[in-house]
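Trainee: Chains as they are written, first to last, in the numbering used here: chain Y, 1 to 251; chain H, 1 to 309.
Note that these hints are calculated values from the structure, not bench results. Every value quoted in this text rests on a predicted model; they were computed, and no experiment measured them. Ideal Cβ positions, reconstructed from N, Cα and C, are used throughout, including at glycine. Any given hint might turn out to be false.
[To be verified] Listed next, the stretches of chain H that the computed footprint assigns to chain Y, with coverage defined by at least 3 CB atoms under 8 Å from CB atoms of chain Y: (1) 95-109; (2) 135-146; (3) 258-266.
Here is what each chain is made of, one letter per residue.
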Amino acid sequence: MGVAVLLKQVPDTTAKISISGDRVDEASITKWSISPYDEYALENAIKLKESGFGDVVAITCGPSRSAKCLTEAAAVGADRLIHIISESPLDSIQVQSLLSAAVKESGCEVVMCGKQAADTNSGSTGPGLATTLGFSCVGGVTEVSIEGGNASATRLGPSGLEQVEVAVPCVFTFDKGDSELRRPNVRGIMMAKKKPVDVFSAEDLGVDVGDSMVEIKSHSSPPEKKPGQKFVGSDSIPEVVSKLREEANVI
Amino acid sequence: MSVTVISESSNGALHPVTAQLVGAASSLGGSITVICPGGVGSSDAANIAGVTKVISVEGDCFESYDCVAWSKAISPLVEGDLVLSSSSAVGRDLASSIAASMGVPVVQDVTSLTEGFSATRPIFSGKAIEEVGISSPCAISLRANSFESAGDGGNAEVSSVNVSQDITVAVKQALAKASERIDVSEADIVISGGRGMGEPANFSHLEEVADILGAAVGASRAAVDTWGEIPHSMQVGQTGKTVTPNLYIAVGISGAIQHLAGMRSSKFILAINKDADAPIFGVADYGIVSTWEEALPVLKEHLSDLLSN
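With the rest of the complex left out, here is chain Y:
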């Protein structure tokens, strides 16, 4: 058994995103991090390992720089590291076929990832991968425990907060929960540096990704807002309320 955790490296959420020549200027991004929701997936996977479930296999798909998030995962307890090297942007089908091959390679029947990544904000990978693999999928979970072939998860679904049961194999996509994320200790960091990374190309995994069907034409900055009107004190509220109606026409 064991858990495969999918990690995506993204610009830290505090990073300023600037545009250079109609593309996001990656060179200007000073800090890259594991996408925040993926960290909750990793935390839960390590908890499962501590309860005796099996190894944690951390998988990332991305350019060379993304190897760092595997080392970070190893520092808090990931046992095996898989890096699918991909230097160019991929569409959802390409990403899912690569991840699907890597999950099969790992032998894991439980997959955990964030409900969406902090760069594209898409949320396509979890349900798409589950469908590709023929696994079940439970989204927006905050806690997963597994006994035998059955998992129990807390999820925020369309009807509210629910306790659900699902048979393995399954993909779980994580929301931010109450779990405290563990920080690596010095020993963990030292050990992680020595941990080998299994690097795979699409070819190594036996996947023909073909061409991306989604071409990025341009990136641009959101339109600048023109300077607003500023008022001081609550005496200004009647005027602002009437402006909301007359000028902005929003109430």
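Chain H: place on chain Y using the hints.
Mentor: Below, chain H alone, put in the same frame as chain Y:
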């Protein structure tokens, strides 16, 4: 061309975003099939102008939410080269899963769409805009309030399809009901509070203003991280929800970069903060330098006067 729209539902009825999905589909031309999962709102969907036909897909699997089971029930009914859904959590799930089962790409949270297809969408929670060209059949989820709604007056034929699809996800226990309040990502007006609200109990003052306006109540990350009583589902910003309401009211929110990313595309922004130098004023159309304790009672009074007339 033909387009399949997956309808959105909430509280057992058709969600208004469905008419926006049909509106977007109409602008591309061709026939429009609306699939209603669990049959919810199928007669209302038939009344939306421009709809060619409605398929009410029914079966035991729709009694609770199981993304892969729903998608397996829906996918065989899809017609044409484009599947549209809402970019709600369920809409995104279904778009992803249906796309994967059809072997086509999915593009999420699109805010404009033209024939061919060319689509734009915010990335990094709105810190940048991406334009993509899609050269194949695909599934696309659309952000609420970004497309004109189709009107009513349609008279499409409704057919029912019964599916027997095994569900693998079983609900054992309901822990808390979904909030009766409208979600921040769907509301026309959002009022959010930050750590400047002092304590979570003071969010009741925001709720009172929200009730007058029919608004959703949101929160900054600082408020969600500080107070367990404020759920993450209310969080607006890069690790929460990205919102584009007509009016966003920020109260006691200084305006960290992650928060600004999630709300700066709102049509109009009103900020109330006691610190005249707070970064939130940099994106506000209307800024009021005041404590919330002074401002909210006056705001409440004037709004209720105005809106009760």
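Trainee: Each hint: holds or not?
Mentor: Outcome of the hint check:
1. Residues of the segment 95-109 of chain H lying with their CB closer than 8 Å to a CB of chain Y number 13, which satisfies the three-residue condition for coverage.
2. Look at the segment 135-146 of chain H against chain Y: 3 of its residues bring a Cβ nearer than 8 Å to a Cβ of that chain, three or more, so the hint holds.
3. For the segment 258-266 of chain H, the proposed coverage by chain Y is satisfied: 3 residues have a C-beta within less than 8 Å of a C-beta in that chain, meeting the threshold of three.
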